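Next come the chains, spelled out residue by residue.
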Amino acid sequence: MSTENTYDVVIVGAGITGAIVANQLAEKGHKVLILEAGVQKSFDFESYRAYLHHYYQNTIKIPNSPYPQNPNAPQPLVTDVGDIEDGIQQFNKDGYFRQYGPAPFQSTYTRAKGGTTLHWLGTCLRMLPSDFKEKDLYDSGKNWPINYYDLMPYYRMAEREIGVSADVEEQAFFGIEFEENYVYPMTKIPQSHLDKKLTEWTKGATFDYEGKTYPYKVVSTPQGRNSNPNPNYNNGEGYQPVGAVGNPDLGQRCEGNSACVPICPVQAKYNALKTLKKAVDKGVVIYSQCVASEILYDEDSGEITGIKYKEYEDFDSLTDTSKPCNYIEKVITAKRYVLAAHAVENAKLMLASGFKNKNIGQNLMDHPVLLTWGLAPEAIGAFRGPGSTSGIPSLRDGTFRKDRSAFRIEIGNWGWNWPAGSPTTELQEGLSKQLFGKELRAFLLDTVQKEFRLGFLIEQQALSNNSVTIDDRYRDELGNYRPIINYNITDHEKEGMLAAKEFSKQFFDALSGTDKTQYSPDKGGFILYKGEELWWQGAGHLAGTHIMGTDKENSVVDKYQRCHEHKNLFLVGCGNMPTMGTSNPTLTIAALSFWAAENISKDLNS
Amino acid sequence: MLDTYKEELFKNLQTAIELEHSTIPPYLAAFFTIDQDTNPFSWQAVRSVVMEEMLHMTLACNILNAVGGKPYIDNPKFIPEYPAKFNFADRKFDVGLIKFSKSSIETFMEIEKPSETRLRVKGEDLKGLLHPIDLDESTIGEFYETVKEQFTMLVKEYGEESVFNGDQSLQITSKDYYGGGGEVIEVHNLETALFAIDIIVDQGEGAPGSIYDGDETYFGQDQEVAHYFRFKEIHVERRYQEGDLPTEEPTGASVPVNWEAVKDMIENPKANHFPEGSPARIKADEFNQLYSHFLRLLHLTFNGQSDLIVKAVGMMYQMKYVAAELLNIQIPDNKEGKVAGPPFEYIPIEQRKVYAWLLPELASEI
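Chains as they are written, first to last, in this note's numbering: chain V, 5 to 610; chain Y, 3 to 368.
Just so you know, the hints here were simulated from the structure itself, not pulled from any lab data. Just so you know, these numbers come straight off a predicted model, no measurement behind them. Ideal Cβ positions, reconstructed from N, Cα and C, are used throughout, including at glycine. Take these hints with a grain of salt, some might be off.
As the list claims (entries may be wrong) - Restraint-style ranges between C-beta atoms, simulated for each label pair: (1) Gln438/V - Asn330/Y: 26 to 32 Å; (2) Lys150/Y - Thr428/V: 57 to 63 Å; (3) Lys286/V - Thr253/Y: 17 to 23 Å; (4) Glu31/V - Lys355/Y: 28 to 34 Å; (5) Glu382/V - Gln243/Y: 54 to 60 Å.
Stated by the list, open to error - Result set (EDC-like, lysine to aspartate or glutamate): computed pairs, CA atoms no more than 16 Å apart in a straight line: (6) Lys200/V - Asp12/V; (7) Lys322/Y - Asp495/V; (8) Lys509/V - Glu537/V; (9) Lys355/Y - Glu250/Y; (10) Lys265/Y - Glu367/Y; (11) Lys606/V - Asp12/V; (12) Lys79/Y - Glu20/Y; (13) Lys313/Y - Glu259/V; (14) Lys505/V - Glu537/V; (15) Lys282/V - Glu118/Y; (16) Lys360/V - Glu298/V; (17) Lys571/V - Glu303/V; (18) Lys177/Y - Glu241/V; (19) Lys509/V - Glu303/V; (20) Lys322/Y - Asp287/Y; (21) Lys505/V - Asp212/V; (22) Lys177/Y - Asp526/V; (23) Lys281/V - Asp224/Y.
Same shape as in the complex, but just chain V (with noise of 0.2 Å):
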């Protein structure tokens, strides 16, 4: 087996946390390595149009639609969640995760250069200042290590990366606090049609819930999608948007394609191939078709020595993709580790090279998102813009967070596509009346122009049955484990959602809209509580197999995002978290690379 010992950090993963980590620890001038299991990729823009023909030639539209599966480094797919037959959840048991239940785990992730940032939406929001000390005020989730203003100049740092469009007054809620004089990069994207008519329509009123109220507050959401730059950003000194790579003409502005999610077009939404280019031309290099396999280490100081990895041959090449390629094993070794291949990813392989915390894979979660449609009094051009623009804040935070979870209410501007597939359901419904013409026209005005749906993005708590673990049966075409994940959720969680619905149906009255949400018993995410019928979705923010924390028996990693039991190798991503919050991890796991970057800077240099 060839080893090779050039560089002074090697970095598991060209997600948008390890491409920070690269281009900063690069700009410091440290040799970087980054080993990446997804094919061999240009950073031309004809290479991303491939994924785009793929988005449009795939019948099935789900988040990892446009970037075709590969048996050697095989991604977790929306559709291996099955229905429930006689009470019992079914899973595609060929499907990548190999999933025990009892409740679906429904998130994926996307194995590829850029990560999942090449399919995310793009929402960009803070954690609260509570978010990060749960256990103290409501004696419920964890506390992390650090706090809110520990992590303010490392936030700023990942609004600047991925250019944040959002006005700064907007976003100061629930003790979220600013640097003074701080703008975001570049102006806030212009709210829909449909988020302007909402706030009209629910003028004064209020959502009542156990005797407390609530205001329907619509306040426009940070994104990681280009609008105009902010001429007073860094004190006058102006943002430059970030286009296409290998086209920066491209993309320079949202152009409302409406296809965020899987794939925007022009690239105006950020994805990590933006970052690992820069990372790329300050002299990073990055191995492609190289899947880390195990992490050497020496038994007796837990110091890491290496990274095995299995290099695959050219994908391209092959004309049957659906079989696995020949491989060679090599070895890798430098100065620090970085693991930055996804929560799930990370400690999968820390389990597969036989890691001793026990905390490794546990506290696995999502922000299970409760879904309700309806239609709205009028037409409110649906499907127009980014798939949500607005959302509603008003139950992120609490003394309730006690008893049950808090959550932040999105709202998506595709009509019921998420919940229900339209328009195509509608336009199939049309057809099925044998509707032609300018009737099937006004009939698909008629419903679909009315559509709207509420997302109520759970927090769920960080608890050790939630897992990621290993068995030697379950292994990918490489002989790579596959994930096993055991789920479920709680009742605090579905006192929430208990929460959330009643909040849809109040909010449906308040706007004189009609309530359409109507849940089928078979469909995976299902549940009867307090007979109450649920029904929620993933959000593909999977979170808290590595959590940080004080020490080994609480936590994978410290502070500073080094494990407490290996000192030369740091942890990145969603893992390190120990509380979501209702926050979209993204920008805050931006943020943490920021914070680690420097923290192994120093550490090279001590």
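Fit chain Y to the given chain V structure using the hints.
Showing chain Y alone in chain V's frame:
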């Protein structure tokens, strides 16, 4: 006397606006016929040129506004009838709405051809080569050279303040320009006026003695060859590389062009060439309606309502979609199987349609 000179200057700057605009329909028509995936390089090159022509038109409006003039955008003569006659001092040629082809690229190279003086590499003796002030110049660059000299002369004679007495609030700022190289600069004195002209000329013909367009040195943007050289790259199917001279052929990587994978658009499409009530006619009429509304919107934008530029962006997307539809429509009874295309014809204000979605600023005038 200043007034008389200014009239002359206004006339030249209005000519500049019309000249910049007149290139956009032909470039766009060719651009729309290119298949992005078959000819990604040509697609991107022509696209970036079109974006920069829009920048040039905006810069010309900023200059005219800076000296107290008034850009006229919405009038029947503003859009040339294609094929349009381009009469330069040393040559005359037609510019039409023609699909992407070797010959349309040749025409585009004629438009963007650098002047002889500009082709000289730095250090060579330029004495005596400059053209005399003459309205019948041989290149766009030379035409702008004339305007620059006018500016310099007027400022010397009458002072900067009396020449640049326009209303500063009429200036378009850079925040809404993107998608191409360069930046919109606000013009308020001789220096900024000359700089705006340099941006226009360098992007078209290359910085003096260079194939590059100055975006890198002026704005720290990516290095890019000027329009003439971008067209040349397509024409000879080879990129320039660092060190190549403007007087010589490109020596960089080969970029094969598939001249067949092009929408077979009819030459110089006109709405009334298509039968009344046919899909081609309906869409062609719609395109002309949009284009005429759009010109009105630009007119308002450049005459005091600069915030409307955001709305103009939206209208450009609308036109793009209708153009794409036109290029998918077979022309009835066309023996060669040609498809329709965007006609870019002017519709007088009283004949414009008041669509439900039309901006109140436009609807109220009809």
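Of the hints stated earlier, which fail here? Violated hints (numbers, rising): 3, 4, 6, 7, 9, 10, 15, 19 and 22; every other hint is consistent with the structure.
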